[in-house]
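Quick mapping for you: the protein sequence lines, in order, are chains A and B.
The first sequence maps to residues 1 to 119 in the working numbering.
The second sequence maps to residues 1 to 115 in the working numbering.
Treat the hints as calculated values from the structure; they're not laboratory data.
Just so it is clear, CB atoms sit at the ideal spot from N, CA and C, and this is done for glycine as well.
Some clues are possibly wrong.
[To be verified] Ranges between beta-carbon positions, derived for each pair: (1) N28/A / R110/B: 42 to 50 angstroms; (2) H76/B / L119/A: 39 to 47 angstroms; (3) E59/A / S51/B: 20 to 28 angstroms; (4) M41/A / S74/B: 21 to 29 angstroms; (5) G60/B / M41/A: 27 to 35 angstroms; (6) D56/A / D1/B: 14 to 22 angstroms; (7) N7/B / G53/A: 17 to 25 angstroms.
[Said to hold, decoys possible] Over 12 angstroms on every C-beta distance to chain B, these chain A residues come out as not near it, computed from the model: (8) Y64; (9) S75; (10) P83; (11) S84; (12) T86; (13) L116; (14) V118.
[Stated by the list, open to error] Derived coverage of chain A by chain B (criterion: at least 3 residues anywhere in the stretch with Cβ under 8 angstroms from a Cβ of chain B; other residues may be distant): (15) 39-48; (16) 107-115.
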Amino acid sequence: NAGVTQTPKFQVLKTGQSMTLQCAQDMNHNSMYWYRQDPGMGLRLIYYSASEGTTDKGEVPNGYNVSRLNKREFSLRLESAAPSQTSVYFCASSEARWGSGSGRGNEQFFGPGTRLTVL
Amino acid sequence: DQQVKQNSPSLSVQEGRISILNCDYTNSMFDYFLWYKKYPAEGPTFLISISSIKDKNEDGRFTVFLNKSAKHLSLHIVPSQPGDSAVYFCAASLWWTGTASKLTFGTGTRLQVTL
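Make a model of the complete structure from these sequences and hints.
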């Protein structure tokens, strides 16, 4: 049981290059998320997918696109990387269900992160 | 606008003593709160949570207290151990909306437990 896995662990890009960050979870969770962590800023939500087939913007979506490929996989794409996108990116998943209202399943489980540098 | 605030960037505590990490929030609609622990070069790991219908939740050495009127929560670690040295993030969510559990994180407090 690997939990949440992310690839790659490290990446260096030049301004204008594109890349896709991959994320997969084996916990059969419905919801998946992409965050970025910057010094002094905590974790900020980029995009999320409440369930397979749906995606929505989070707090800082500009410059990113996502794909919920299936229930297990949620990828984050940078079409034209900018130095401002230098950050550590975390993928997460949770068993949250739309409308369940119980409060349980709010816990998100995080991957190990991808450290991205854009020169 | 920072809706979840951790005003202490760092905290140093002696081994065996109590560590108290604080978190304030501004959105009174938040109804579920979580603490995460993060070691360097790893993803955050879930530690403990509390629903807004409670004011205390315990799990072993970790206790979270919620004061809704003050919009304040705290994490108590007793006794503190060197392995507790990490960055601790407070997070809050709006579960009542029925959407995925979007979390709003604080900026983190770095805890150092000294021998």
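Hint check:
| no. | hint | verdict |
| --- | --- | --- |
| 1 | N28/A / R110/B: 42 to 50 angstroms | 34 angstroms, violated |
| 2 | H76/B / L119/A: 39 to 47 angstroms | 44 angstroms, holds |
| 3 | E59/A / S51/B: 20 to 28 angstroms | 23 angstroms, holds |
| 4 | M41/A / S74/B: 21 to 29 angstroms | 22 angstroms, holds |
| 5 | G60/B / M41/A: 27 to 35 angstroms | 30 angstroms, holds |
| 6 | D56/A / D1/B: 14 to 22 angstroms | 20 angstroms, holds |
| 7 | N7/B / G53/A: 17 to 25 angstroms | 40 angstroms, violated |
| 8 | Y64 | 16 angstroms, holds |
| 9 | S75 | 17 angstroms, holds |
| 10 | P83 | 22 angstroms, holds |
| 11 | S84 | 19 angstroms, holds |
| 12 | T86 | 16 angstroms, holds |
| 13 | L116 | 14 angstroms, holds |
| 14 | V118 | 20 angstroms, holds |
| 15 | 39-48 | holds (count 7) |
| 16 | 107-115 | holds (count 7) |
Checked against the numbered hints given earlier, this structure breaks hints 1, 7; the rest are met.
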